[in-house]
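Enquirer: In case you want the letters, here they are:
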Amino acid sequence: MAKVKRRHFIRYIAGTVGGLAIGWSLLPPRQRLTPGDPLPVAPGQVALNGWVKISPDDTVTVVMSQAEMGQGIHTSLAMLLADEMDASWDRVKLEQSTLDKIYNNQAEILDALPFQPDENGYGKRAARWMVAKIVREVPGAMGTGGSSSVNDLWLPMREAGASARAALIAAATDTWKVPVNECRAEAGRVIHTSGKSASYGELAARAGQLGVPKNVALKDPSAFKLIGKPVKRLDNPGKINGAAIYSLDMLPPGLLYASVKMCPTLGGKVTRFDGSAAQALPGVRKVVKLEPYAGGLASYGAGTGGVAVIADTPFHAMRAVEKVSVEWDHGPAAGLSSRDAINALSQALDKNAGKVHFSHGDSEGAMKGAAKTITAEYRAPFLAHATMEPMNCTVQFKDGAATVWAPAQGPAFAVNAVAGVLGIKASKVKLIIPQLGGGFGRRTFVDAVSQAAAIAKEADGLPVQTFWSREEDMTHDYYRPAFVSRHKAGFDAQGKLVAWQAATAGSSMGAPSFIDGSSKGAADTGYGFLNARVTHQGTDSLVPVGIWRSVGHSYNAFFTESFIDEAAAAAGQDPVAFRENLLKDNPRLLRVLKRAAELSGWGQPLAPAPDGAKTARGIALHPCFGSVIANVAEVSVGEGRKIRVHRVVCVLDCGFPLNPNLIKQQMEGGIVFGLSAALQGEITVEKGQVQQKNFDTYAPLRMRDCPVIETDILASAEHPGGVGETGTPTIAPAVANAVFALTGQRLRSLPLKLV
Amino acid sequence: MLTIKINGQDTAVNAEPDTPLLWVLRGELKLVGTKYGCGQALCGACMVHLDDEAVHSCVTPVSAVGTRSVTTIEGLQGNEADALRHAWTDIDVVQCGYCQSGQIMSACALLKKTPQPTDADVDAAMNGNICRCGTYPRIRAAIHMAAGSR
Ligand code: FES
Ligand code: FES
Chain Z
2 MAKVKRRHFI RYIAGTVGGL AIGWSLLPPR QRLTPGDPLP VAPGQVALNG
52 WVKISPDDTV TVVMSQAEMG QGIHTSLAML LADEMDASWD RVKLEQSTLD
102 KIYNNQAEIL DALPFQPDEN GYGKRAARWM VAKIVREVPG AMGTGGSSSV
152 NDLWLPMREA GASARAALIA AATDTWKVPV NECRAEAGRV IHTSGKSASY
202 GELAARAGQL GVPKNVALKD PSAFKLIGKP VKRLDNPGKI NGAAIYSLDM
252 LPPGLLYASV KMCPTLGGKV TRFDGSAAQA LPGVRKVVKL EPYAGGLASY
302 GAGTGGVAVI ADTPFHAMRA VEKVSVEWDH GPAAGLSSRD AINALSQALD
352 KNAGKVHFSH GDSEGAMKGA AKTITAEYRA PFLAHATMEP MNCTVQFKDG
402 AATVWAPAQG PAFAVNAVAG VLGIKASKVK LIIPQLGGGF GRRTFVDAVS
452 QAAAIAKEAD GLPVQTFWSR EEDMTHDYYR PAFVSRHKAG FDAQGKLVAW
502 QAATAGSSMG APSFIDGSSK GAADTGYGFL NARVTHQGTD SLVPVGIWRS
552 VGHSYNAFFT ESFIDEAAAA AGQDPVAFRE NLLKDNPRLL RVLKRAAELS
602 GWGQPLAPAP DGAKTARGIA LHPCFGSVIA NVAEVSVGEG RKIRVHRVVC
652 VLDCGFPLNP NLIKQQMEGG IVFGLSAALQ GEITVEKGQV QQKNFDTYAP
702 LRMRDCPVIE TDILASAEHP GGVGETGTPT IAPAVANAVF ALTGQRLRSL
752 PLKLV
Chain U
-4 MLTIKINGQD TAVNAEPDTP LLWVLRGELK LVGTKYGCGQ ALCGACMVHL
46 DDEAVHSCVT PVSAVGTRSV TTIEGLQGNE ADALRHAWTD IDVVQCGYCQ
96 SGQIMSACAL LKKTPQPTDA DVDAAMNGNI CRCGTYPRIR AAIHMAAGSR
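Line by line, the protein sequences give chains Z and U. Going by our numbering, the first sequence opens with residue 2, and the numbers climb by one from there. Going by our numbering, the second sequence opens with residue -4, and the numbers climb by one from there.
No wet-lab data here; the hints were simulated from the structure. Do not take every clue at face value.
Simulated pairs of lysine to aspartate or glutamate, EDC-like, Cα-Cα distance not exceeding 20 Å [unchecked claim]:
#1 Z:K324 - U:D13
#2 Z:K643 - U:D85
#3 Z:K230 - U:D85
#4 U:K25 - Z:D313
#5 Z:K233 - U:D118
Go ahead and model the full structure; you've got the sequences and the hints to work with.
Expert: Next comes the structure, spelled out in structure tokens:
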């Protein structure tokens, strides 16, 4: 089956690039130093390549192709460039990149290809190579997602820094007429052995004239000054004094506000509406009907229609939109309940196990010959992103051109969406991306962007901020899909695990089928199963679904790591020892597992909770996004059978740790995000309408329920893996496994509830 | 027309009296450091001080402010605020930052009332502030650090 997928995939690629000449396909992937159009510069400023500009006052402006949504990526990327450049860290400023092929995110797409880790045949290598080239060439492949930014930019940002440094040294040697080997760079200056020196600002103009140098060497890691160090975030100051600007805070002159009311039924639309009562209220400019706008990336979720009120203040808009009376066409989801939808996934698995995504040995045969088998069914619900900053977008459409202020994870998607709605060329759309108040995958989808463009069309050239209430945001998300997974394990007479089978059913998170990552985390477990088969059945969904922090790993790690724990119990073995046996050929995972056991005091007695309740530990281990993570959770049961998590030990191997401080921050954030979902996260749908509307019924974790989190980063020289999503998948199974150790009860549905 | 005291200045406000203070700040006065997160007193993104008390500006009608002075994140000053901002930076608390104005307003009100808070005090004072990025462990550490440094 894997072969079939590959062929399908290569056909897709061939279709995409069908018009390209054969000769092109033999060239290596394109360079990423010099953009198609030169960088825009201020007077006196010099661009040394596509990633860095220098001003006469020595300010080093680093170009950011990725969105900052809390993950610290701006600080991390600037570190890469500044270190190689020997720039002065306190002169570094950041600027958003333009749309250019050199900024396309290659790793995000390559990592999503439907290959399993053990595959390294011709098909995989050829496909990756082709895609790397295509990602270079196609517009629209910029994006922040898949925990891929550092993975993708580790070399390009460093090369850009090293190239700039070499250019500045060349300018100095050219000016002073001295040999290169008598000059060095340090903290924003080039220094000659004689003691003579010049600042980067002074050298920039000459460096710019001399052009981009050839054959530039990167630093040896032992020479890093910033890379690998716990450098503080560059965005701290504005985020503690109210000065940081998010998309909702943009205040272009003449700004109007639009509040939106969408059909409460997912996928519904307006039949007719009466805006007269709203129109009569103070400050109201216009009442507008909204067509359903799709998120763009999703296979499922055509968008939901509604109405909007444009007014002079946000409050006037919000108050008035409630007064618009609307007759809805509730559409095909009108009868939908999430309970039925999830039961249907289970029934789908009754019929067949789906397509094979991974196969090793003969799992059917081994299962038949097993002395003992166990089976279990697991379930994961729909989840909302609930970014702290609700969905919004500001658009000004004037004289045939648009300016857009949007919290966008996929800039080109946003630009194309606006261009499409307004009927203008993408080159007529200027996109400004401020700070993002959280993303978690939601802001890859451009439904709100398209809506904002449609609303701006009605505003006579004035800018309009379209903003969703929390209620609209929560009830019109692209939800993490619900999934059901069935597992079977077979043991021989000695209790050894000889066969492993997993079959999942659920909807793809919105990628075209060739990059369907639905079995990410189910197939690539890292365990050396003797015989294994992982299948997946893609199902249709009337609930719009989309990528959600850690994507397929968010549920597959729960399924896999819970069932491994069940298998250990069935074999009568300690959960850590059982996993160790399966990892004999995987030293990377084994090292993380052992360190987590050691740091958590695995196997040693555990103190009771502060109120005297019994406690227990549970462990989970998982490779994802090029990294490996283990969590050990310590839990107890409190009043009302409430599961409480007191402490989490987190061990991470993320390859070379670019900034240990930011990495730990991401582990904490990922664990809290995952724990919110594990203990309290559930979106339910009745009659096609999402039942949770605000933070009372879709309740993220709060301070008092937040465990102590201790993170240990294992040193590694490997290429950096992802960290933004890596922290999320393991906490749910670690807690479920701890609950089992404590109570003997195996919780197989999320969120975890003891009854 | 109402006049209320905001960040030390008497400020004329055009909005209707039932307008939530949050929307007066953000919409009319362009003080956008105070954030909207839920509109229902559930998340704390909109926290401001009325005198020294932390309140949810999203559910406080501007007419209810009366003679109390409003302090927003932009105008927050003093020993507690300085100590908190220092600790916030030192510990690298923020991630996306969207909730952080509200977190700091709540933390500052706590320290003004309880200069040496226990963990239980922190739990109680910060319970109204959600952070989707999960900065809670660092917020707790930063509050203790700020308390210890004064
Ligand atoms: S916006 Fe006021 S508490 Fe959430
Ligand atoms: S820092 Fe992002 S919500 Fe708190």
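Enquirer: With reference to the structure, classify each hint as holding or not holding.
Expert: A quick look at each hint next to the structure:
Of the supplied pair hints, the one linking K324 of chain Z and D13 of chain U holds, its CA atoms being roughly 17 Å apart against a limit of 20 Å. Between K643 of chain Z and D85 of chain U the alpha-carbon distance is near 35 Å, which puts this suggested pair outside the 20 Å criterion. Between the alpha carbons of K230 of chain Z and D85 of chain U the distance comes to roughly 15 Å, so the proposed pair stays at or under 20 Å and holds. At roughly 13 Å between alpha-carbon atoms, K25 of chain U and D313 of chain Z fall within 20 Å of each other, so this suggested pair holds.
At most 20 Å may separate the alpha-carbon atoms for a hinted pair to count; K233 of chain Z and D118 of chain U exceed this at roughly 26 Å.
Checked against the numbered hints given earlier, the structure breaks hints 2, 5 and satisfies all the rest.
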